[in-house]
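Asks: Required output: the full structure, derived from the provided sequences and hints.
What follows is each chain in one-letter form.
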Amino acid sequence: MLRDLVFASLLVIIILALTYLTYSGGLGDLPPRDVRVIASNYLNLTYNQGITWLWAASPEAVTAIVWDYRGLDTLFETVVFYGAILAALTLFRSVSKVPEFVSSAGLSLVVKRVTAIVTLAILAVAASTALHGHLTPGGGFQGGAIASVAPLLLLVVFGKQFFIERRISYSKLLTIRNASLALLGFTSVALLILGFLTGFQAYIFQNQAKTVSTLSYPPYLLDVPLGGSLFFFNLFEFLAVASGFTLVFTILLSRDETLRKELEGEELGY
Amino acid sequence: MDIELIKFMFMLTTISLYFNVAISLYGVVSKTNLVKKLIALTIFQDTVNMFTILIGYKLWRPGLLLQPPVLTDLSPTSETLREFVERSVDPLPQAFVLTAVVIGLAVTLFLTTIILHVSYHFKTVNVDEIGRSKRVYIHEEAV
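Quick mapping for you: the protein sequence lines, in order, are chains R and L. When we follow the working numbering, the leftmost residue of the first sequence carries the number 486, and every step to the right adds one. When we follow the working numbering, the leftmost residue of the second sequence carries the number 1446, and every step to the right adds one.
The set of hints was computed from the structure by calculation and includes no laboratory data. For every residue, glycine included, the Cβ atom is placed at its ideal position computed from N, Cα and C. Be a bit skeptical, because a hint or two may be false.
To be verified - Simulated restraints, written as ranges between beta carbons of each label pair: (1) L:1452 - R:598: 46 to 52 Å; (2) L:1584 - R:499: 37 to 43 Å; (3) R:746 - L:1499: 45 to 51 Å; (4) R:649 - L:1464: 45 to 51 Å; (5) R:708 - L:1476: 55 to 61 Å; (6) L:1564 - R:679: 50 to 56 Å.
Replies: Written as structure tokens, this is what we have:
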């Protein structure tokens, strides 16, 4: 009890100190009157056809920052994402080996019909968010997160039987996830490999041609901006996020007996 | 709208976010239930994301164009680009937050599976009880 009291009073003191600092201008002018120089540089360069050696060929600045200007950061964040999902799957690794025989009827007919319509809408929104990520606000991360809601809904409303009948198995989802993450890595070094084969200079994570290296992803598809590698990164990240989350959802919504099998022989504690 | 009022509201939002951080940290530390700890952690995470977005915000003032900050012209002149830069907010915090949200969701799912594991193993999610049962077990082993 005393521990709680000390901790609470400590937090109150910290809040009051932070409030005083913020009020006396510790964070500068709030709200800022203008964006920082680095932000206006990004906004200026992302689709500036006059400076094509610094552009990202995408009118959407956020996606350009995520996958081009600060692409290496995002690659490592994707590694964290990969590790977190992998750890979750490893904790219940036997679920993949246990064939489930469930005869769940799911929820009522009305809920099923409504869910069927809503699921289509969710998938359409997710696909447009991910595939248009280089043109309008959105991208692979957001699209994947939206798309993973659809299988979650289907699992709850139709039951796991629905997935088993349609042969959407654990190993297939795992294959999609691993393949798209491998392709994501390949996209980041594709130009480097091409440069190595053809004798040109190129960089890791190169998107558009620079002054010293002339290799480049196509900036346009017909007459629409493609954003070079941004489109491919968005597509593969979309697949990776959607399949990764679906995998964890299928595990979390498994039967109790299946999940308990994981702990057999561990009665003596950690 | 009065600029002074906007500034006051902005300050109020910032300070309320500090309160949110404090309350969620209190939840993480002092709650004994692991699920409650997880909920507090997600609140903390969302507050920090919100704070980051807020940092990139720009004060609207009379004379600024009220247009969505999207580049609609696919062959922009320098004039359109200048207007686009003028009406946009900072894209950098948004780029950080959008990856943080998805990775946060992945980490939350990981923690959920861990808590599920713990609840099956110890038949409770109360950290005090778990600690006590482990102590009893170690004591028995020593005897």
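Asks: Confirm or reject the claim that residue 1452 of chain L and residue 598 of chain R have a C-beta distance inside 46 to 52 Å.
Replies: holds, 51 Å
Asks: If I claimed the Cβ atoms of residue 708 of chain R and residue 1476 of chain L lie 55 to 61 Å apart, would that claim hold in this structure?
Replies: holds, 57 Å
Asks: Is 45 to 51 Å a correct range for the gap between the Cβ atoms of residue 649 of chain R and residue 1464 of chain L?
Replies: Holds, since residue 649 of chain R and residue 1464 of chain L (Cβ atoms, about 48 Å apart) stay within the stated range.
Asks: Using the C-beta atoms of residue 1564 of chain L and residue 679 of chain R, is the stated range 50 to 56 Å upheld?
Replies: holds, 51 Å
Asks: So does residue 746 of chain R sit 45 to 51 Å from residue 1499 of chain L, Cβ to Cβ?
Replies: Given range 45 to 51 Å: holds, Cβ gap about 47 Å.
Asks: Could one say that the CB atoms of residue 1584 of chain L and residue 499 of chain R fall in the range 37 to 43 Å?
Replies: Check passed, 39 Å falls within 37 to 43 Å.
Of the hints listed earlier, there is not a single one the structure fails to meet.
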